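According to this note's numbering, the sequence shown holds residues 1 to 521 in order.
Keep in mind that the hints were calculated from the coordinates and are not lab data. Fair warning: this is a prediction, and the values are worked out from it, not measured in the lab. The C-beta atom is built at its ideal place from N, Cα and C for all residues, glycine as well. No incorrect hints appear here.
Taking lysine to any residue pairs in the SDA-like style, the calculated list, with each CA pair at most 20 Å apart, reads:
1. LYS417 x GLU444
2. LYS359 x THR377
3. LYS467 x SER395
4. LYS467 x LYS477
5. LYS39 x ALA367
6. LYS467 x LEU93
7. LYS359 x PRO347
8. LYS477 x LEU459
9. LYS42 x PHE140
10. LYS406 x LEU439
11. LYS359 x THR489
12. LYS300 x LEU66
13. LYS406 x ALA367
14. LYS39 x PHE49
15. LYS467 x LEU141
16. LYS361 x ASN387
17. LYS477 x ILE89
18. LYS406 x VAL174
19. LYS467 x ALA394
20. LYS214 x GLY271
21. LYS361 x THR377
22. LYS359 x PHE343
23. LYS417 x ARG447
24. LYS215 x GLU293
25. LYS477 x MET465
26. LYS42 x GLN144
27. LYS359 x TYR373
28. LYS417 x GLY443
29. LYS417 x ALA498
30. LYS406 x LEU151
31. LYS215 x LEU131
32. LYS300 x ALA9
33. LYS39 x PHE132
34. LYS406 x LEU375
35. LYS406 x LEU368
36. LYS215 x LEU194
37. LYS417 x TYR500
The calculated label-pair distances, taken between Cβ atoms and stated as ranges, are:
38. VAL34 x TYR464: 25 to 33 Å
39. VAL34 x MET442: 39 to 47 Å
40. VAL56 x THR514: 53 to 61 Å
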Amino acid sequence: MTESGITWAFRPWHYVLLAISALMLALVYWDGLVDMSAKWGKEEYSHAFMLPFVAVFFAWQRLTDLRQRSSANSWLGVWMMALGAFMYIAGELGSLYTVIQYGFLVALGGLLVSLVGLRTFAVLLPAYALLFFIVPLPNFLYHQLSQQLQLISSELGVEVIRLFGIPVFLEGNVIDLGAYQLQVVEACNGLRYLFPLMALGFIAAVIFRGALWKKILIFVSTVPITVLMNSFRIGVIGVMVQWGGTGMAEGFLHDFEGWVIFMACAAILVGEMALLARIGNPQGSLLSAFAIEGPPPLPKENVVRYRAIPRSFWIAFAVLTAALAVSQLLPNREEQTLERRDFLFFPRTLGGWSGQVEKMKSATKEALALDDYILATYDNGLGDEVNLYIAYYASQRKGASVHSPKTCLPGGGWRMKERSRYAIDVAGREEPLWVNRVLIQMGEDRRLVYYWFQQRGRLITNEYMLKWLLFWDALVKNRTDGALVRVTTGVPVGEDPASYDVLLSQFVGSIWPTLPDYIPE
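Using the sequences and the hints, build the whole thing.
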């Protein structure tokens, strides 16, 4: 609460206490902070290096307002500190760095709220909120967002190419120009523009003088600006490839085009701010709409009073001390690994089925980051073929994780015509085996797909439940290994897909007794 005529200050020993608290906080969350800063080396997150400095600048701008507000007890700060400590313990036991990183920000906010109270902390809220942009997205969210943006950018990019009168065909993320084919890979998803531009948009919204709706619009508009400009870039690359060959989509020129597009995104954002500055009252120029000056001077006649450290801070500090003690006592747990057979030895003959093993492309294998796999086509001698694909991950803690067909198949140009859960009666199981049943089609090519996630003795069909159980088992079992099992067969157009359920069910029944040797339970 602002008190007229009073300037609130910390005593010298208060600064020592705050420095000790900051050091303890860093020590507790050190592993997560190191992992986070390492990920800042990726293009998508390279902007994060500057954000803590911008946050400090925002706090400095509000210094005068802060010094005129008194401190108050806040039990919310204590609860935030406790939540941050719990997130640290859960993340450390599960070796899930994202949980530790968000726990660090929650604990930092808890210390500040417990020190000055919620009303005074509200002055620092823009600086504090900016820090959440420094935490990399969890891998499964990143991959899902990437897949969706690739599809959207591909579709819009093709429309740009057609504007130039160039015939083009799109299959998922593959742009077919006839003589050339371009694949919109993960590097072209636009996230390396979206994340920096969202952070820039948030900074711009904070320093923009204007109504709240204008600030919200500035920030929210960064998403469509990025998507549209990235789609335009893909379209332009397609046009240039058609005219100048595939070299126009590679090397320095490809990277230079990316920089041009990002600068264009920033220019559009500035233009939007200039337009908003002239709408409503008061109207002004773009320069006058920026609040980038330092803190105003304090009135000379103000009386200086020293803050008292609230009781809530001492309790939060005690929680932090306990978290530091726990961090030293927690064992450095190595993930439990169970013995298994390599898929190199997976049977080529299974209950009347004979298999021919295929080799995955090195680029695909690198993108999937799997530890072991089998890709094979089995024939029952009656002209029926079933493709088997099993991807095994020994650990899903540090970036590598199962890729769901739900997101991967559309990227390959397949359209999902039907999707449901399906029960298979398997010999040796008291309960039916539930799988995801998907009918996909690309042109005249139709296929029936069964897939499920076989992870640490669990059979899972829901992608979100998969992520929750991954966290839970990392915490409780100290295991994150698991596999995706997928079987596929062709379904000629005009035939009933239900008649092929018997075929796939029989094949699943044939491989089922063998799977535990290769996918540990």
